[in-house]
Each structure stands twice: as structure tokens, then as C-alpha cells.
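A.B. asks: Listed below, chain by chain, are the residues.
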Amino acid sequence: MSMAFHRRLLTALLVALSLAAFPAFSHAEHSWGNYHWARTNGSFTLNLGDNVSAAWDGYLATASVDWSVSAVLDTTIVAGKATKPKICRPTSGRVEVCATTYGNNGWLGVASIWISGSHITQGTVKLNDSYFNTAKYNTPAWRNLVMCQEVGHTFGLDHQDETFNDVNKGTCMDYTNAPAGGIYNGFDYGPTNEYPNAHDFEELATIYASHFDSTTTVKQSVNSRPGAANHEPERLGTGQWGKLVRSTNHGRTELYELDLGRGRKVLTHVIWAEPEE
Amino acid sequence: MGLAPLAFEGYAVKHFPPLFCLPLVAALAVTNCAAQPADSNQPQQGSSRARPVTDYVSLIDYFRAAEIKVQAEGKVEQPFLSVTGRVIKVHGEEVQVFQYSSAGAMEAQAAKISPDGRTVETSKIHWLGPPHFFKKEKLLVLYIGDESKTLKALEAALGRQFAGQ
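Protein chains in written order, with the numbering used here: chain R, 1 to 277; chain Y, 1 to 165.
Incorrect hints may have been included.
[What the hints assert, rightly or not] Using C-beta positions, here's what the derived DEER-type ranges look like:
hint, chain 1, residue 1, chain 2, residue 2, range
1, R, I87, Y, K112, 49 to 55 angstroms
2, R, A54, Y, E147, 16 to 22 angstroms
3, R, K84, Y, E121, 17 to 23 angstroms
4, Y, A103, R, G190, 44 to 50 angstroms
5, Y, E67, R, S118, 47 to 53 angstroms
6, Y, P115, R, R89, 28 to 34 angstroms
7, R, D57, Y, E67, 50 to 56 angstroms
8, R, T139, Y, P52, 42 to 48 angstroms
9, R, G33, Y, K69, 37 to 43 angstroms
10, Y, E73, R, S210, 45 to 51 angstroms
[As the list claims (entries may be wrong)] From chain Y, some residues computed to sit far from chain R (all C-beta separations above 10 angstroms):
hint, residue
11, E67
12, K69
13, A111
14, S123
15, K124
16, P130
17, K136
18, E147
19, K149
[To be verified] Partial chain Y-side listing against chain R, Cβ under 7 angstroms, derived:
hint, residue
20, I68
21, T122
22, S148
23, L151
Source of the hints: derived by calculation from the structure; they are not laboratory data.
For glycine and all other residues, C-beta sits at the position ideal for the given N, C-alpha and C.
With the hints as extra help, turn the sequences into a complete structure.
C.D. replies: Shown next, in the form of C-alpha cells:
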């Protein structure tokens, strides 16, 4: 049998195994409509344009790292192109993150996406320093919560919970009066809501690992392993198994890891067929 | 998103025809019924009987007539709404009032707001508290908070909220 046939067979089996795990996603249900970045294969890297002040840089970095724990997407902070944060002009194929004093208008942050059909084509995040410059909101917990949540929206995630005065769900996609958790105004809010949780990663996997598109709306998109450029056509499709975590025998055997959240992972061992002589 | 031109100037003249102005001139010592437009940033003195609420001025009139303390707080812009709004305080709580050029224009904007008040078209908004959206005629009114006296006053003037928590 040819190597191509071996690969197709192997791929089909592995895809079937991966899909068999998807019913476990059924309880993840906080996607924002059906909006998602279009991509043709694999996990993807989304650029986050940095249009924020130094006061925000650390929080943007934290959000970028936290969301990149997802098996289906990574984020990279790049120089911002919005030029005027007040307007926060979007850039095609990426997300511009802006912070400035937008006024006392009642909101801490706004995430906006532009769509074509159900595909996100660009996004912006606005963080309102009119409030973050006040003592109440100028705290690491509030800044982490809002930065994390607004960036999360630009992936196509909705809130897990929209009640302010209930126990925190341990995710930034949950509204709260007490982002740091613990006892606030006599009520025990429980865990911190500053970062994404496993349920968010589950939802991202549901959105992005379940299908690929015929086109991409992400600029600088598909991850490729260093040195894999020569094998690019042969590697297409490996992204559905998550991140490559080990490669041995000169690339003949590989281990991929797909994080399903809540501590569950799909590990995919691949033994590539020997090239035909 | 471009901002629609403001249409507040001259409302005192438009909504207080000359005959109606006469007693007000006496009561208010001139300014609002004069030929020049009133400063619509200041709530107008209302008549003793509330008129139907159709716009900013009549909303203020309504609150005055109902003896609800109301005061102007300035302007507000929302990146997801097409007109500049005005902030008023109702029972001490800030309320944002957006007046559109017509009831149709207001309805077109209102249709873009999700039932929970947290999404406008494809923008997700992290409000400081629970949002409450009201609408009537040309007005779109937003209150963020949960003060029951303010909510009741808004509901009495504008009807039940159409979006929010």
C-alpha cells in the first residue's frame, strides 16, 4: 500500500477517535452565536494588536498567555495598528486591543467583532480607563477580569453567567461584583474570576475543533512546527489533534495533545508510515 | 460608526407654541420661550400636567410633573449607538437618554439590542451593573443599576423595559 493510503487510513481512524470524544462537549454552551474565525486547518494564531498603555500591558500579556492554553488557538501580542485608541479602528484578520478614557458611559469594556456570515473577520476590544482610573476598578482583579473577558469574546465566546451577585464560576466569562472572589460585602463569592477556566477551553474546542472552513479570516494564521515547512502538504490536518508535544524518531512518531478542559485531554499518538522507496 | 447630527437645539420653541409660552414667560422670567433656542442641556420647567412622553423635553416635563427630582448631568456617547445622549439623574441615579430623529430611527436602533441588553449587533458590552433599556417614540433610555425607585419612575414614564436584566 502507498504511504498516502496509509496516511489517509491513519488520519481517518484518528479523526474518528477524536470525533468520538466530542459528545463530551455537549454541556459547553457559551458560544457567541455561531461566530468563529474561519481557518482551513489546524490550530491558529490570532494577533492581538497592543494599543494600550503600560498600565495595561501586563494584563494583556496575561490574557494572551491564558487563552493560549487552549488547544485550538494561540494568541500573539503585536504592535497595535489602531492609531487612535478612542476610535480603535479594526484591522482585518486580527484583534486590536485599545484602552483610553471613553467617558462615564456605564461600561468597563466592549468587545466588537465584524462578521461575514458566521465568520469573524476582525475584532476590537475597548477598555474604559474612565473607570479603571478610579480606586474601585484600578485593581489587578478588575483589570484581569475585563481584559480576559473582552478578548475571549473576540474568539466567539459568550458569558458563562451574567448574574453579578452569585458565586463566581471561576472564569472571566462570568459577571461578578467581586472578580478576586472571596468575601465581599458579606457574601462569599468563592473563586477568582480573573482567568479562563476549563469550560471555556471546552467551548473553544467545540467551536474550532469540530470543523474547518474552506477559507481563512485570520491573518498570519496556521501554526506550523519549526522545520516542517518542507513537509507542509503532508502535515495538513494534524491540528485537529491539538498541539504537538513530542516528536521522536526523526518525526516518524509524534504525540499530540488536545485539551478538552476540566483536566480531560485527548492524546493522539501518530506513527507515520515509512516513505516509499 | 458615525454620529448622527444632534437635534436638540430649539426644542423649547418647537414644543412650547407661543400661546402656551405666555404663562411660562411670566413664571420663568423670560428665557425658554424667547426666540433663541433654550439650552437643552438643562431640564426644562414642566407644566403642571404631564404631556405624553415623546422626546427629551417631554420626558423631563413628565418627571417634573410627577414631582420626581431630576437634574441634567451632561452628555454621553456610546460607540454602539448612533446619536449622542444626555445624562440625567432620576432619584439620584444616572440615566442616559438618547433622542433619535424619528420614532422609526429609534426603533431601528432598538432592534439591534439583544433582549438581555448586553449585546448591540456584534458588540458585547461589559456594563458596570445590570442594564435596563426603555423606549418610547423618539427616545431610547438606558439605566444601569438596580435602584427600584428609578426603575419605577422610568417604567411609569416610558413603559416596561424592552431589553435588559
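A.B. asks: Evaluate each hint against the coordinates.
C.D. replies: Hint check results:
no.	hint	result
1	R/I87 / Y/K112: 49 to 55 angstroms	violated (20 angstroms)
2	R/A54 / Y/E147: 16 to 22 angstroms	violated (37 angstroms)
3	R/K84 / Y/E121: 17 to 23 angstroms	holds (22 angstroms)
4	Y/A103 / R/G190: 44 to 50 angstroms	holds (46 angstroms)
5	Y/E67 / R/S118: 47 to 53 angstroms	holds (51 angstroms)
6	Y/P115 / R/R89: 28 to 34 angstroms	holds (30 angstroms)
7	R/D57 / Y/E67: 50 to 56 angstroms	holds (51 angstroms)
8	R/T139 / Y/P52: 42 to 48 angstroms	holds (46 angstroms)
9	R/G33 / Y/K69: 37 to 43 angstroms	holds (42 angstroms)
10	Y/E73 / R/S210: 45 to 51 angstroms	holds (48 angstroms)
11	E67	holds (27 angstroms)
12	K69	holds (20 angstroms)
13	A111	holds (16 angstroms)
14	S123	violated (4 angstroms)
15	K124	violated (5 angstroms)
16	P130	violated (7 angstroms)
17	K136	holds (20 angstroms)
18	E147	holds (14 angstroms)
19	K149	holds (19 angstroms)
20	I68	violated (21 angstroms)
21	T122	holds (5 angstroms)
22	S148	violated (15 angstroms)
23	L151	violated (15 angstroms)
Going down the numbered hints, you'll see the structure goes against 1, 2, 14, 15, 16, 20, 22 and 23, while the others check out.
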